[in-house]
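Engineer: Protein chains in written order, with the working numbering: chain D, 9 to 483; chain A, 9 to 483; chain U, 9 to 483; chain S, 9 to 483.
The reader is advised that the hints may include incorrect statements.
[Claimed, not checked] As a list, the in silico SDA-like pairs of lysine to any residue whose alpha-carbon atoms are at most 25 Å apart:
(1) K350(D) / V114(A)
(2) K357(U) / A438(S)
(3) K163(A) / S248(A)
(4) K115(S) / V114(A)
Bear in mind the hints are in silico, worked out from the structure with no lab data behind them.
There are 4 protein chains.
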Amino acid sequence: MEMEKIGEKTAREWREQCGIVGVYNHPEAANLVYLGLFALQHRGQESAGIVSSEDGKMYTEKGMGKVADVFSRARLEQLPGRMAIGHVRYSTAGESSLAESQPIVVKYAHGIMGIAHNGNLVNAEQIRNRLVDDGSIFQSTTDSEVIVHLIARSKAEGFPRRIIDSLSKIEGAYSLLFMAEGHIIGFRDPRGFHPLALGKIGESHCLVSETCALDLMGATLVREIEPGEMVIISDAGVRSFKPFPPEKTSFCIFEYIYFARPDSTIHGLNVHMVRKEFGRHLARETGVDADLVIPVPDSGTSAALGYAEESGIPYDVGLIRNRYVGRTFIEPKQSIRHFGVKLKLNPVKELLKGKRVIVIDDSIVRATTSKKIVSLLRSAGAKEIHMRISSPPTCFSCYYGIDTPTRQELIASSHTVEQIGRFIEADSVAYLSVEGMKESVGHMKEKICCACFTGDYPLPVQEEQFVQLRLFEPI
Amino acid sequence: MEMEKIGEKTAREWREQCGIVGVYNHPEAANLVYLGLFALQHRGQESAGIVSSEDGKMYTEKGMGKVADVFSRARLEQLPGRMAIGHVRYSTAGESSLAESQPIVVKYAHGIMGIAHNGNLVNAEQIRNRLVDDGSIFQSTTDSEVIVHLIARSKAEGFPRRIIDSLSKIEGAYSLLFMAEGHIIGFRDPRGFHPLALGKIGESHCLVSETCALDLMGATLVREIEPGEMVIISDAGVRSFKPFPPEKTSFCIFEYIYFARPDSTIHGLNVHMVRKEFGRHLARETGVDADLVIPVPDSGTSAALGYAEESGIPYDVGLIRNRYVGRTFIEPKQSIRHFGVKLKLNPVKELLKGKRVIVIDDSIVRATTSKKIVSLLRSAGAKEIHMRISSPPTCFSCYYGIDTPTRQELIASSHTVEQIGRFIEADSVAYLSVEGMKESVGHMKEKICCACFTGDYPLPVQEEQFVQLRLFEPI
Amino acid sequence: MEMEKIGEKTAREWREQCGIVGVYNHPEAANLVYLGLFALQHRGQESAGIVSSEDGKMYTEKGMGKVADVFSRARLEQLPGRMAIGHVRYSTAGESSLAESQPIVVKYAHGIMGIAHNGNLVNAEQIRNRLVDDGSIFQSTTDSEVIVHLIARSKAEGFPRRIIDSLSKIEGAYSLLFMAEGHIIGFRDPRGFHPLALGKIGESHCLVSETCALDLMGATLVREIEPGEMVIISDAGVRSFKPFPPEKTSFCIFEYIYFARPDSTIHGLNVHMVRKEFGRHLARETGVDADLVIPVPDSGTSAALGYAEESGIPYDVGLIRNRYVGRTFIEPKQSIRHFGVKLKLNPVKELLKGKRVIVIDDSIVRATTSKKIVSLLRSAGAKEIHMRISSPPTCFSCYYGIDTPTRQELIASSHTVEQIGRFIEADSVAYLSVEGMKESVGHMKEKICCACFTGDYPLPVQEEQFVQLRLFEPI
Amino acid sequence: MEMEKIGEKTAREWREQCGIVGVYNHPEAANLVYLGLFALQHRGQESAGIVSSEDGKMYTEKGMGKVADVFSRARLEQLPGRMAIGHVRYSTAGESSLAESQPIVVKYAHGIMGIAHNGNLVNAEQIRNRLVDDGSIFQSTTDSEVIVHLIARSKAEGFPRRIIDSLSKIEGAYSLLFMAEGHIIGFRDPRGFHPLALGKIGESHCLVSETCALDLMGATLVREIEPGEMVIISDAGVRSFKPFPPEKTSFCIFEYIYFARPDSTIHGLNVHMVRKEFGRHLARETGVDADLVIPVPDSGTSAALGYAEESGIPYDVGLIRNRYVGRTFIEPKQSIRHFGVKLKLNPVKELLKGKRVIVIDDSIVRATTSKKIVSLLRSAGAKEIHMRISSPPTCFSCYYGIDTPTRQELIASSHTVEQIGRFIEADSVAYLSVEGMKESVGHMKEKICCACFTGDYPLPVQEEQFVQLRLFEPI
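If we strip away everything but chain D, and leave its shape as in the complex, we get (with noise of 0.2 Å):
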């Protein structure tokens, strides 16, 4: 049993998106956006960073790890002025230093700018080789610095317009906030793949990833931020533009099934809510006779409830979880069977014991958690156990980014349904459908990207050129 460092991420199967948040003429704008960063912890645990602005100067902190682990009151401190903006960035394998961390602080031509960046850009490797070839020099790996060498060779007038022609020049995902010359500048692209919202604190505004951050910093929401918007916060108030073209609203469904915390409003949409009737909807369409509706925590809980509200089949907790996973784990390398699950899951052997058992999930990606958790519950003695997904199989990459994993890791884009579930070794298996997702989120609907399900992709894709976006971590 010798052992070896694990990372965070055997925890966790999906990848995650990043947080940004931005305070624009508080007192406090520091403190305030470290409170929006740890209310928007989830999207991110790499590394987190805070940017605040006074009399023209800037002041960074940033560091590697999670917002409480990084930020001492000494470091705040060190964040003086009335607006500030910050970022909370998602692990991955790869390249994962300081250098990456976000928001990104550069001196150019007209002073000094700040950049928190969530998204991923399908054209970013392009426009990067074409800055280097005219001699741009580039300091990290990440997308986000493309705009800003952007933003520096731009030759028009003024930050904002600045950063409109960059953006003229950019496709991809992004919910940006800009920080200069007396600007906080929010900015959500025309497909609007990933939500932004405007919030108030007295006379202050603010921008955040999701209207959970809200709660904490003590403001309301105005309104959420619409694709392809463009606001700018300064002294002359919150002014809108929308500089390009409208495009067709392609909302990331799932930030609806992972990403958003429950008590996030997207949309309009409470995530908890839309969950829950992703739950009813499985149901409907997968029902099955059984004694108990569990879920995978945290992530399957909600669908869970509403499984069991429209089935009437008890739900319990029959998986409890280790809340005290760290950033690393040393875990045994001869490997105890089903350990990395065994690490955050323990079955509740009293209550499943001869049950027949529905356990609600939020996705598959290689079926390799699924079957170990089938198969501690099946130890704990589970008499059936019946795995129910809160969304359809997940056979397309996402396209939209730049992390190398394929398709082929997708287990559902080469194999039914019935060969996963005789895989992961349950006595079934059933998905929601792509239908009854949509009809799950109401009014938005039509406004989804649900490409990972159906292949349909909202922006070309040419396979040859674009490398895929990881969605999945490995486990």
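With chain D held as given, fit chains A, U and S onto it using these hints.
Structural biologist: Okay, now just chains A, U and S, sitting in the frame of chain D:
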């Protein structure tokens, strides 16, 4: 909004217990202890330590913080040998330093010994004073060091006899692990206040505070250690002794109510099932018409499920818990209202709006947290809020320890249930009855210590002489 | 006596130079660079860095502090490859961060390159402004980054040509190392302000700031690099070029006076021997009757030996230097008299009592330190104190740089020697003459830059345009 | 050339002594102790610690490393009170941990006490064994803890009496500082092996290992503490006692030869002057025709000056010492010849070439370093090399301690001077005679311990019982 550093205790109301693990005769003893401690992390997050033994030498690695943060692979590799013991310590406001952490290792006249202790002694102070008068020099303020000095001065022959000799002078609560001279010895006090279980991994044996640790270690439960039992694990196998006269068992009911993990089994009863039973009795005793039953997560979850089942009122998740509260958090000084609670809990407004809600918590201490939760729910739009507590009013302090707060801090010691309801501004408040609680624990009915509810102390209390245990942490 | 943190600069009066080392074609290139940097530690203690190259990739390890503190075995093992360059940086009051440390490594259109720079450019600011206007983004405030951006934008073909193209735009002092595309390239500016030498270790070649580094690296000196010379070390061997028109050599005389190590040889002259010669000339020019000649250690030692030899007055060690002045020292705020000097120097009272003492120092800047030394010696009982300086009065600032202090801070720019003597309260003060200094350096007599003594600048100075180099650190 | 981490001891041959400082009745007691320790840094670089006392409480700050590295302003501010004691510890190969560092602070029956110790006890082991048999638990392997336990068990009344009671059981070398109950107490063993001096700062008093500390503290020397003297500093002033019968003074001659700083005065003699006198006697006894006298810096410097003065042969600096050897250095494994010495010393070839050189060192241990120095000088071109040692051959080990190396490691214990000369390949080797050494120390002639030269031990030695002190560190 000046920011102040606050400890993790903000997120925790109840004093935690320590967790202990020992492994005998396994080539990777320290690695297994590490896994066991990880599973017992909920019993203490202040410090973690492991001591292993090889060829008569002992190797110690200890650190402040959580198991996964304290132990790197490099540190685990510094722990050779086929036997090891480990400890996780709870976090107190007072002396919180590495010097207080365990296991304790000392050299004395008969060699070297290690010790890990869960519990609090009643007469530690008097014995300590006597030892100091005789020239003993103490390194820490822990009760546990008293036992060590008694053993160092014992004239009895052989390590087991020295332990018995020393413990014969001790009164109080203890589950203890000792390591020396080729033995690991486990000892549970005659009243059996805290749990201790024996497991088996192949040919090796282990001792753990709770059975949930066995699951992660890949061990099977042999049996629980009985009150007053001493087990000596050596190459001669596992031998059992009861060196002291039997006492009435007084198992700490708060292990069932709050301390233990739901997936553990203690005295043959699964903790989650016991808590659901508390909830069912609570529903029968305190029923009220409502739309929703929600728990205060995570400690109220099991009881809320039981309450919902019994009452037929739907269970839902109305408060989302932030999982990322770290060791320290910088809090606004000029307090945002309800900040401490908002940090960890956020309501799902869309669910609660206009609803009559029953909220289940495991206990009320000062009631300040309960008051904040009621207010949080109210501001989220709940129409009625009925607080239901899955244990009786805690009117009396726990006297088996050295911390200082007094009965006056317990709101139930000086207020009627009705007054508490008015204080927390709930539409109603009700507690489980002592009788209902006892009924819920089946065969343990007469074997539990309920002193904090009834004032009926199993060990004589001399209030002017002993200071009481700080059962509750300040918010 | 409030205590304040003071930097190591207390112990140092003169601005230091950087040190650079490159090794080509050695299986342990990085280890050798490490040894070389260690030997050049006197040229800069602020930061240290090494970049190695293997298979077209570059590996960087940098840190604040001294070589032996920055590099652990583990860090050295992160530096594979048969070529490497390294850098130690001097400590300034201003921006002192890892971002400013070297070597710099950047990716650009033609791949990846590393650069290490000793010197200061005269027209860095103008070029920098022009580059920024064109959209370049700078990461540091160093001159050296200007060169990097010029190379990144150069349209010339091949790495050597791009270097020449870029340096043709640069004016100032530089000894440079470049690493890329299978070459290590050394370049010394046409006036040869700072030293650079070529060595050989078996079949491998190396480039170092001073020859003392060769000794520790186990290398032999091949020859010194000439002013204006570019050497390209590759698998084709060592090739030499002089791409720019020749200029009059202007070697920085302060390398002989203070910067270089006594055991180094520069332009064929051993530094210790040159300093002794300064001392001999000083004795001839400024003789005075006395009992003892003592140095201000360590920088006055060589000249004091020469002075004693020439004058026949016994040399002794009258001031003991504390070797343990670390990175930071906490100094009493409410200043104990002469504290800064007492920290590093303590007189041997028994030696000095009643004696007429000649004290030799290498230079006087503001004279505050000299004043304290005189007072220290006086209080130790010295009867007469004659301060003798082994260089001429420094009346002019060095203009090849970017730091800010002005001529007004140099006491010799506004005071006669007699006035200086009264200020420092010595019985007499005398300096070496410019002529005597020139005579001491033999064949280099007409090839040295004496601008700080004579105001005769080898490169045209436009005072309103360029800020001057901070030649002297504040005490 | 695999690289290996080596300690600073490479740069040091002789075991160092500890340094101690105490300050009574000063508003900035801890700050003054800090300055004193800084001045005594040469007596120990392994760890540093300060304990201050206010209102009956003690405050401790300790750390591994040098004074300036261990103490930040923040740490010094954690040390309130008008009295404080401090300690710097020498670096040994063996147990080198914070647990071994001093001052030691313990709570015992009569309150709390602090202790700082310079020296080694002869009978520590026996007393320790007896205490352990009686149930004492030790925390470290230091001699000093034995004293602490004796005090804790003493039945005498009052802190001073308990100290006397305890020290009456002790044999060996000690200069001790105690702090408790409003006193600082200094105690020097009856034979006075190591120095201790009393100083005055305004109305406050201080105790220091060497007088050089007084200079930096701004204190004046009152007088040195006599062998066997106990001084009690309290609000009643400074009281002196001699509790034990007088013994013949046996001051450690190595304090004059190597340990102490040249600017210190011990028993009325300045160390630099004594060393010069060693050099003069050495010149008279071992004269040889030569061109140059050079020291092995820094320990040979004073004697070399005396030798040059007496012989009329010019003194010069032929070996340059690298001042930047840090705590650890990564050395090539596959050893470059003479690496250890090259790291710290580099010859000035231009000075040595073709010269007949006399090299002065303070002592020879194993002779491996001397051999490397001879070779270094030879390769630098020296024609003749005459090694002269400013102390007699060290044939006997120091028996006042617990370290383990034996007489066999001392080359002089088994080789004639002629054999040593052949081994180190010098043209000649000669030592100072014991008689010459004694003549050099004037009134101390009959009051020094010369056991390491003569085997004439002032305290009876039972070789089978006590292990000897490791006087010399391995190269």
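Engineer: For which of the previously enumerated hints does the structure constitute a violation, in increasing order of number?
Structural biologist: Hints 1, 2 contradicted; others consistent.
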